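Novice: Assemble the complex: chain F is given as a structure, and chains Y, Z and X must be docked to it using the hints.
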Amino acid sequence: MKNTEEIFLILKNNFPDSELTLKTDIPAEPFIIVSPFDVDKISLFLRDNSELQFDSLMCLSGVDDFNGQKIKDEAGNEIMQGGTLSVYYHLESTSLRHKVVLKTSTSRDNPEVVSVSEIWQAANWHEREAYDMFGIKFINHPDLRRILMPYDWEFGYPLRKDYQNPEFYQGMKVPY
Amino acid sequence: MKEYFNNIYTALYTIFVGMKITFRHLFIPAVTIQYPDVKLKLPERERNRLYVNMDDCIGCDQCSRACPVSCIEIETVKSIPGEDLGKTSNGKKKVLWVTKFNIDFAKCCYCQLCVFPCPTECIYMTDVYEFSEYERENLIYDFVTLTPEEREQKKLNFEKFMAEKAAADAAAKQAPKDEPKKEA
Amino acid sequence: MSVRTEEMVLNMGPQHPSTHGVLRLELTLEGEIVTKVVPHIGYLHRCFEKHCEAMTYQQVVPYTDRMDYLAAMGNELGYAIAVEKLLNIQVPERVEYIRVIMAELQRIASHLVAIGTYGADIGAFTPFLYCFRDREKILHLFEITCGARLLYNYIWPGGLSHDLHPDFVRLTREFIKEFRPNLVELNNLLTYNRIFIDRTANVGILPVETAINFGITGPMLRGSGMKWDLRKDDPYSVYHKFDFEIPVGEGKMGTVGDSWDRYFVRVREMEESLKIIEQALDQLPEGDVTSAIPKRIKPPVGQVYARIENPRGELGYFLISDGSTSPFRVKVRAPSFVNLQIMDELCRGHMVADVVAILGSVDIVLGEVDR
Amino acid sequence: MIYNFFYNLFGSEIIAGFISAALPLLIFILPFALIAVLLERKVAGHMQDRLGPMRVGYHGILQTIADIIKLLQKEDIIARENDKLLFNIAPILVFAGSYAAFAAIPFTSAYIGANIDLGIFYIIAVTGLVVAGILMAGWASNNKYSLLGAMRSAAQIVSYEIPTILVVLTLVMFTGTTNLMTLSENQTALFWNWNIFGGPELSLAKFLLIPFMIIAFLIIYISTLAEVNRTPFDIPEAESELVSGYHTEYSGMKFAMFFLAEYANMFAVSAIVSALFFGGYHSPFGYLGNTLDIQWLIPVEQFFWFTFKGVFFVFVQMWLRWTLPRLRVDQLMTASWKYLIPIAFVNLLIVGIITLI
Chain F
223 MKNTEEIFLI LKNNFPDSEL TLKTDIPAEP FIIVSPFDVD KISLFLRDNS
273 ELQFDSLMCL SGVDDFNGQK IKDEAGNEIM QGGTLSVYYH LESTSLRHKV
323 VLKTSTSRDN PEVVSVSEIW QAANWHEREA YDMFGIKFIN HPDLRRILMP
373 YDWEFGYPLR KDYQNPEFYQ GMKVPY
Chain Y
192 MKEYFNNIYT ALYTIFVGMK ITFRHLFIPA VTIQYPDVKL KLPERERNRL
242 YVNMDDCIGC DQCSRACPVS CIEIETVKSI PGEDLGKTSN GKKKVLWVTK
292 FNIDFAKCCY CQLCVFPCPT ECIYMTDVYE FSEYERENLI YDFVTLTPEE
342 REQKKLNFEK FMAEKAAADA AAKQAPKDEP KKEA
Chain Z
8 MSVRTEEMVL NMGPQHPSTH GVLRLELTLE GEIVTKVVPH IGYLHRCFEK
58 HCEAMTYQQV VPYTDRMDYL AAMGNELGYA IAVEKLLNIQ VPERVEYIRV
108 IMAELQRIAS HLVAIGTYGA DIGAFTPFLY CFRDREKILH LFEITCGARL
158 LYNYIWPGGL SHDLHPDFVR LTREFIKEFR PNLVELNNLL TYNRIFIDRT
208 ANVGILPVET AINFGITGPM LRGSGMKWDL RKDDPYSVYH KFDFEIPVGE
258 GKMGTVGDSW DRYFVRVREM EESLKIIEQA LDQLPEGDVT SAIPKRIKPP
308 VGQVYARIEN PRGELGYFLI SDGSTSPFRV KVRAPSFVNL QIMDELCRGH
358 MVADVVAILG SVDIVLGEVD R
Chain X
7 MIYNFFYNLF GSEIIAGFIS AALPLLIFIL PFALIAVLLE RKVAGHMQDR
57 LGPMRVGYHG ILQTIADIIK LLQKEDIIAR ENDKLLFNIA PILVFAGSYA
107 AFAAIPFTSA YIGANIDLGI FYIIAVTGLV VAGILMAGWA SNNKYSLLGA
157 MRSAAQIVSY EIPTILVVLT LVMFTGTTNL MTLSENQTAL FWNWNIFGGP
207 ELSLAKFLLI PFMIIAFLII YISTLAEVNR TPFDIPEAES ELVSGYHTEY
257 SGMKFAMFFL AEYANMFAVS AIVSALFFGG YHSPFGYLGN TLDIQWLIPV
307 EQFFWFTFKG VFFVFVQMWL RWTLPRLRVD QLMTASWKYL IPIAFVNLLI
357 VGIITLI
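Each protein sequence line maps, in turn, to chains F, Y, Z and X. Each residue of the first sequence is one higher than the last, beginning at 223 in the numbering used here. Each residue of the second sequence is one higher than the last, beginning at 192 in the numbering used here. Each residue of the third sequence is one higher than the last, beginning at 8 in the numbering used here. Each residue of the fourth sequence is one higher than the last, beginning at 7 in the numbering used here.
There could be a bad hint or two in this list.
Have a look at the derived ranges for each label pair, beta carbon to beta carbon [what the hints assert, rightly or not]:
no. : chain 1 : residue 1 : chain 2 : residue 2 : range
1   : Y       : 224       : Z       : 13        : 49 to 59 Å
2   : Y       : 322       : X       : 71        : 32 to 42 Å
3   : Z       : 191       : Y       : 196       : 20 to 30 Å
Simulated from the structure, these hints should not be mistaken for laboratory data. No experiment lies behind these values; they were computed from the predicted model shown. For each residue, glycine too, the CB sits at the ideal point set by N, CA and C.
Chain F with its partners taken away, still in its complex shape:
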């Protein structure tokens, strides 16, 4: 059993080059912020290190942080420029029974995160969902397609906060 602080220290010692931040001031759960291009290395270490053994990815969630600048586009709709999209990884070790939360943020205009689906197969569909809903591109993902939305949906990423519903999709009226 290790808590987030101890895990953070282990990570810090093993990855002196990466940007790692521990965030504990937010209520309920502390988490470790990692860089989007180091996620795979850190994840592999977390899984294979004998002290950590994070063998299970419980949950992977994309989040629109909605912290950029609000501007109006030509049509007068409010859209967001700049800011970040985040991905949260909830990891668990079934043998050592400890948990950790990783967070990585990527720019909203060109969101790219390294995929962890090679490390945990469970991430495959979760990453596809994050791609589908937020447009986060997972580098090295084996099969990055839309998953819940139709494959030919071209009106943006629905869970972004500034998402606008299209009027028509293939001739069908969208808003009810």
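Specialist: Showing chains Y, Z and X alone in chain F's frame:
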């Protein structure tokens, strides 16, 4: 070889056991009921079609706000002084004319969230569950007791009252300014 | 001379009797042997997560019901626990006990559907109706408690919408008494039937390492022989007060982790749930169930991941609050969504008929997969 | 009797023979199918703690008639890509196959459609038409599910013909006849003269034969079950896997033909089993007509007993269907080739040896 005969034995034996069970059930009375002829007695907490007792409704809009699918639409008009709207059964004084109280049962999800916040307990769920319709529009229920003319009347009354009040206010504001001019 | 054969692509679903909803499986076949399975989901996508961002915390509850509609109580419980963690409130003891009773009854009801439809998938239709007969009694218990049979809106953050009905305890005890012999009968009719065993044993074997790597949880993981149950391993509510076993797959009829094991874990879990309900009914404290419900839910800025053991596996809610009355982000880690991923791995090299048997043993609810 | 009437009417042997063989059977099959469908639904209902159809007529007795009327009104859908000729012929062929099988089945000592000496083999041969029809239906539908169903069905029926024929051979060897009429006639008088109890001759062999006859009966019952595609061998239809197999694409009256053929087939195989092992149309307890000395009553009684035995075995088929899960294709083949055929062979040998002594 032993396995071979064991397979035959287990297959026949388990089939026989299963057949015995189903045969026994052939004589057990049915657990189903003949629905439209026989109906189950509904428990008292049954959640089905909503009903609004308009005599008690004060038009506070709390049910509409609690609704997760926004199926309740309420519009109210303030009463003008001198109109007596009566009291609700638990003694609250009504001050608003409810000119629109529509519930769209095509949208309603029967979650009962609208029932809890009501201060006068005038919206509640009844045990009516057979109210299917051929047209979706027919599922929009209008609970207002006023006739359409009365609704228009109330709106007009209020507008007129407001206009008069505004005019009166304007006149009142105007009046002090006007007076010195006259004298001058 | 060699015969040139061509692979056939068979679309199973979205309208198919045994895809348990609107799932489309794209099977690549060589004769009747499956070489590849590609699941296509999303036909039942109802934008749960987007909806939540426009709802108050209270209004989300009826929406959670509609995810895993066979285990709505569990969904509400998970959500309530997440919000309570965020608000940092304690709920009265009685509420916790009633929640456990409801969740366990729901587990039995849900497993009954899983087992019944599994039998129907394999071709035995009669056990399906026996299961539904018993499930009906559980639904009646829910109906007298909160007035609804499928989508309850019963467990709220902070409490419950209603207290128990005065007859509830008596009726539940009667149900348990009636249900035990029915379970034995079900075992004789279906579980130990030779044809059923032939169809399910050694089909779709899931080794435990693969299961963990794929994030598989619930009866599927336990069927692979791993003793992992959040009720014991990460206890929530008052589960630590009850004495019950965690059934795991033992490979009694074939290899550990085959479809029969997954099926049988569910059967035995129902017995364990009965034990929990009996204990909870014995210890049920008195008290008020609505006292801790906050009038207006406005949690502080923060984020929480709460999880419970739903009948299909680990149901997790990842809530982010920005301090307003509606959640900033709700992500649901739906067990069926994760479990469905393994289909390709399990089905390869089996026959078309086995795809049905494996899908049934994975036990998905499309409402939850697509959310 | 009927033959003479029509012979006088038309003056042609062919027409008279054809009508006298075909007409009474049609009059029997159609109402039987109606009753059997209702029986199936009622049996299923009561076994599942339900009631089954209840709304058309008293306890739903008119339900199947209502269904037939519905099916008659239905649009006959033929998809654009279907092979229309085969698609249309297939249901007729399937029905013709099972209908033709009835011709050689003795209903009473007074009536048999066509008293052929090779009766039993004729039946087995002519039911082969059903396979052709099913294959046609599966191919012509241009539907992958239908095709899979048809292939499975062909494989299944072909492999299950072997144990059937082996058991029939056993019986033929033992009784020395392939004429079903003679076969039934041999098992006359009381029920211990039935072949399942070792046949009419009272000797040591009779008692030795009983267990092997029971085994033979089980084998032929199981394999005929497979031949008519009933659960646990209903993989060609396999509702939960193949939607409904070879008749997925059929609607309206053509679907009804398949349905009719299925139920007719069920009765046909039950009738064969009862003719081979259970005395055919003979009463187990002697005839009322004999005691009362009313000659015309005997065929009526025989008809009653024959239908009773047939319906009983049909009932058992239904009972099995609502109890058991379905086998997989390879398991189905295993059951036939590794279990039924070797056992049937050994049985054949043993019965042969016993009849020799």
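Novice: Against this structure, judge whether each hint is valid.
Specialist: Hint check:
1. 224/Y - 13/Z: 49 to 59 Å: The hint (49 to 59 Å, Cβ to Cβ) holds, given that residue 224/Y and residue 13/Z are roughly 53 Å apart.
2. 322/Y - 71/X: 32 to 42 Å: holds, 33 Å
3. 191/Z - 196/Y: 20 to 30 Å: holds, 27 Å
Checked against the numbered hints given earlier, the structure satisfies every one of them.
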